[in-house]
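There are 2 protein chains.
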Amino acid sequence: MTDFSAWTQACQTRMESVLAEWLPPSSIAPQRLHEAMRYAVLGGGKRVRPLLAFAAGEVTGTDPDRVQHAAAAVELIHAYSLVHDDMPAMDDDALRRGKPTVHVEFDEATALLVGDALQSLAFDILASQPLADNAAAQLKMVQLLAQASGSRGMAGGQAIDLASVGKPLDLTELEFMHIHKTGALIRASVLLGAQCGTLSDTTAAALDHYAKCIGLAFQVVDDVLDAETPTATLGKTAGKDAANNKPTYVSLLGAARARELAQELRTDAHAALAELGPSAARLRQLADFVIERTF
Amino acid sequence: MTDFSAWTQACQTRMESVLAEWLPPSSIAPQRLHEAMRYAVLGGGKRVRPLLAFAAGEVTGTDPDRVQHAAAAVELIHAYSLVHDDMPAMDDDALRRGKPTVHVEFDEATALLVGDALQSLAFDILASQPLADNAAAQLKMVQLLAQASGSRGMAGGQAIDLASVGKPLDLTELEFMHIHKTGALIRASVLLGAQCGTLSDTTAAALDHYAKCIGLAFQVVDDVLDAETPTATLGKTAGKDAANNKPTYVSLLGAARARELAQELRTDAHAALAELGPSAARLRQLADFVIERTF
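Going down the list, the sequences are from chains C and X. Straight run, no breaks: the first sequence in this note's numbering ends on number 295. Straight run, no breaks: the second sequence in this note's numbering ends on number 295.
I should point out that these hints are in silico values taken from the structure, not numbers from a laboratory. Accuracy of the hints is not assured; some may be wrong.
Claimed, not checked - Simulated coverage check for chain C against chain X, where a stretch passes if three residues somewhere in it have a Cβ under 8 Å from a Cβ of chain X:
id, segment
1, 107-116
2, 154-164
Unchecked claim - From the derived model, a few chain X residues whose C-beta atoms are all more than 12 Å from chain C:
id, residue
3, Gln9
4, Ser17
5, Asp63
6, Asp107
7, Asp124
8, Ala148
9, Asp170
10, Ala205
11, Asp226
12, Leu253
13, His270
Stated by the list, open to error - Label pairs and their in silico Cβ distance ranges:
id, chain 1, residue 1, chain 2, residue 2, range
14, C, Ala255, X, Pro25, 46 to 52 Å
15, X, Thr198, C, Ser17, 37 to 43 Å
16, C, Ala204, X, Thr202, 21 to 27 Å
17, X, Asn134, C, Ala204, 56 to 62 Å
18, C, His209, X, Thr202, 38 to 44 Å
19, X, Leu252, C, Gln31, 19 to 25 Å
20, C, Glu21, X, Asp92, 35 to 41 Å
21, C, Ile28, X, Ala255, 33 to 39 Å
22, C, Leu252, X, Gln31, 20 to 26 Å
23, C, Gln31, X, Gly277, 41 to 47 Å
24, C, Glu292, X, Lys99, 49 to 55 Å
25, C, Pro168, X, Gln31, 16 to 22 Å
Think of the CB as a built atom: it goes at the ideal place given N, C-alpha and C, for glycine as much as any other residue.
Isolated chain C (complex conformation) (with noise of 0.2 Å):
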């Protein structure tokens, strides 16, 4: 096994190929629209999502020249969430993966545009093309990505978020909120990974607890480095949860209790994977990575 981080930076690589691949030059029209959609998409990002798919693709043995469609479905998702999530009517942000937001590079017809034409071509990708054993699956994972995405999942998180601030959720709430907002598409680049392959129940159950697990860290150590981190390092603003009196788990928990948590979602992941032997060494060294990045 290469080490992780020469795999991680050949999955990104691969990652900003398919996706430029897949999103339509800017040379046709309308020309600025694709521009705009390249611009949201390309060029940055961890590419957390897609680094799980594939690491769940290697759990039921999957070629990668599949899992890689599956998650570049799964990242247009999150670039578009991203880009409705930074409008002046949601967060209001300026500032993301270092650059000028959409809206304001753009500007807000075209970030709205840029938003619902991502989505859309998520979709397209999702059914275009031979990902699964037999067309059958493949419809269910057009349905797992639509489910993961809509009102029961991330869109619906992030309604609940913007009804909590200023509001004194407890823990349980909180879980709640991040379970739509950024537990669900989670779970989806993971599931979606691995049903390129072909995944027993037993396997997709262990693979969902895994999920949850990482959904949750990822949420925690997110709002501890938004309470810690400089915006410079951070390439987004940092501190606005707090300036905007929106509940974290730093501010329900203290950041130490925060990191605590973070260390026990990570053992709880580890665990949920136990059975599934060395296919699933990738995902564990994505769990210790979710937990330990600084970024």
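Mind docking chain X on chain C? Use the hints.
Then chain X, alone, in the frame of chain C:
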């Protein structure tokens, strides 16, 4: 054959209940988002796209119990586009189907999420149960709807429309815009309805040509109505295109020639269906309906 107005009413009633069934109830979290999604979709609209899907389903002799789900998916894409188009960053419209628009009745952030979540729900529906003769054909339906909705379809048309405000478009450019903005989804409605059954290449080509004529005719008539109908009758703000200095068929051709053009497109639409016999009777009636409508 039941008369046309009884048939449209039956389809509209069926559509309303299918949509009401697919939309999550406002009793489950996130309640406000679900309430706003239902507000955006239910209780109004001519349901032209579902009518086209049902009529096209008759060409391939398909059970309407299948077609209704494809029709719901298309209608949700249409509904999401209206919610986003009405937002201040786009057309900034306060009235739709005689009611306050979603961002006015709720708020901008909710309108943004309503559109996003309606799009996801459309793909969820299209992938959720057997709608075509086999799963591979159904994946192609997902792909068709995604492409019709995305940057080379409806969202792209909207981008071209925004870029055209105050610019002297010629007729070819105006047609290019509408083929994307309205035409792509009208075409998808017709083809998806037919694809719920077994569709030959010849019939698909005929339906494709029919749909192109109807899509353009729909827009020409829209422009005439927008120029000549009072807001109260139209149920949305009238005269906006002229006020925004947007090119329309009426501003380019004058109202009289625009009306003539709509009649020519009706003739073309009928000609496209010539080989299809009695199975295309509803599509013929819909061509007449689209041209003769007064709201």
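Which numbered hints fail: 6, 7, 8, 14, 16, 17 and 18
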